[in-house]
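These protein sequences, in sequence, are chains A and B. Note that this note's numbering numbers the first sequence so that position 99 is 99, with each residue one more than the last. With positions in the second sequence counted from 1, the corresponding number in this note's numbering is that position plus 110.
FYI, nobody ran anything at the bench for these hints, they're computed from the structure. C-beta atoms are modelled at their ideal positions from N, C-alpha and C, and glycine is treated no differently. Take the hints with a grain of salt, since some may be wrong.
[What the hints assert, rightly or not] Once the Cα atoms are required to be at most 20 angstroms apart in a straight line, the calculated DMTMM-like pairs of lysine to aspartate or glutamate come out as:
no.	chain 1	residue 1	chain 2	residue 2
1	B	Lys188	B	Asp167
2	B	Lys213	A	Glu5
3	B	Lys178	B	Glu124
4	B	Lys188	B	Glu154
5	B	Lys213	A	Glu17
6	B	Lys178	B	Glu154
7	B	Lys213	A	Glu102
8	B	Lys178	B	Glu128
9	A	Lys26	B	Glu154
10	A	Lys70	A	Glu102
11	A	Lys26	A	Glu102
12	B	Lys188	B	Glu124
13	B	Lys213	A	Glu15
14	B	Lys213	B	Glu193
15	A	Lys26	A	Glu5
[As the list claims (entries may be wrong)] Incomplete in silico selection of chain B near chain A, CB under 8 angstroms:
no.	residue
16	Ile165
17	Asp166
18	Met170
19	Ser205
20	Ser210
21	Gly211
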Amino acid sequence: SQQGEEDPQALSIQEGENATMNCSYKTSINNLQWYRQNSGRGLVHLILIRSNEREKHSGRLRVTLDTSKKSSSLLITASRAADTASYFCATATSGSRLTFGEGTQLTVNP
Amino acid sequence: DAGVIQSPRHEVTEMGQEVTLRCKPISGHNSLFWYRQTMMRGLELLIYFNNNVPIDDSGMPEDRFSAKMPNASFSTLKIQPSEPRDSAVYFCASSFSQGSGEKLFFGSGTQLSVL
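Chain A with its partners taken away, still in its complex shape (with noise of 0.2 angstroms):
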């Protein structure tokens, strides 16, 4: 089973405007981590967020994270066409496993 699940599943915004994605997790974790996939493409890292952490950014991103409500958000601020893609958090729990979640597919439209 999925440890995190991503909402929306799919978001569609206009460029410019602020695009936010949620993940829930069910258990303890020691890191939580969001990448993004381009279509027919690998998928790449963005950011890392520690479990003693509340919140990181990077450039237009910001990441929250809510130990007590086992969630986490991912803001892309000012997005562009370019951020159309989908995106994953993964949980780390044990060891070197990630588990990903099922995905936000964003479409950003021009």
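Following the hints, put chain B in place on chain A, whose structure we already have.
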């Protein structure tokens, strides 16, 4: 760095045939992962290696699947015999693991179609 290299990029085969997927991880990485991606099941971890040793193969679907890592720069995933339900995109990923879930670097994947 060339990144994680997978071959072939596409594979079309007939049911019952043997399929071998190949992966070259990033030099210096000590962990290697095989994932399978389908619309129905999403991204599933099949197996991962640490320092060339299989650590967790609980995701390998059945005995038809086998994976090897003979050295730090090469791994194979073999399906024998292949079945139509094995059709999926197979990804290899590598990382420099320190035991707490470091970020993964993915290859471009192998699109497998079993007819």
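Was the hint right that Asp166/B lines chain A, CB cutoff 8 angstroms? Hint on Asp166/B: holds, closest Cβ of chain A at ~6 angstroms, below 8 angstroms.
Would you check whether Met170/B satisfies its interface hint, that is, whether its CB is within less than 8 angstroms of any CB in chain A? 14 angstroms, violated
Verify the proposed pairing of Lys213/B with Glu102/A, using a straight-line Cα cut of 20 angstroms. 18 angstroms, holds
Hint consistency between Lys178/B and Glu154/B [alpha-carbon to alpha-carbon, up to 20 angstroms]: 18 angstroms, holds
For a C-alpha distance cap of 20 angstroms, please report whether Lys26/A and Glu154/B respect it. 17 angstroms, holds
For the pair supplied as a hint, Lys178/B and Glu128/B, is the alpha-carbon distance within the 20 angstroms limit? 15 angstroms, holds
Take the shortest C-beta to C-beta distance between Ile165/B and chain A; is it under 8 angstroms? For Ile165/B, the interface hint holds, since the closest Cβ of chain A sits about 7 angstroms away, which is under 8 angstroms.
Decide if the proposed pair is consistent with the structure: Lys188/B and Glu124/B, CA atoms, cutoff 20 angstroms inclusive. With Cα atoms ~15 angstroms apart, Lys188/B and Glu124/B stay inside 20 angstroms; holds.
Below or equal to 20 angstroms on CA atoms is what counts here, so check Lys213/B against Glu5/A. 19 angstroms, holds
With a cut-off of 20 angstroms on the C-alpha distance, tell me whether Lys26/A and Glu5/A pass. Since the Cα atoms of Lys26/A and Glu5/A sit roughly 9 angstroms apart, the hinted pair holds (cutoff 20 angstroms).
A closest beta-carbon separation below 8 angstroms is what the hint needs, so does Ser210/B meet it against chain A? For Ser210/B, the interface hint holds, since the closest Cβ of chain A sits about 5 angstroms away, which is under 8 angstroms.
Let's test the interface hint: is any C-beta of chain A closer than 8 angstroms to that of Ser205/B? With a minimum Cβ separation of about 7 angstroms from chain A (threshold 8 angstroms), the hint on Ser205/B holds.
Hints 3, 5, 13, 14, 18, counting from the list given before, are not met by this structure.
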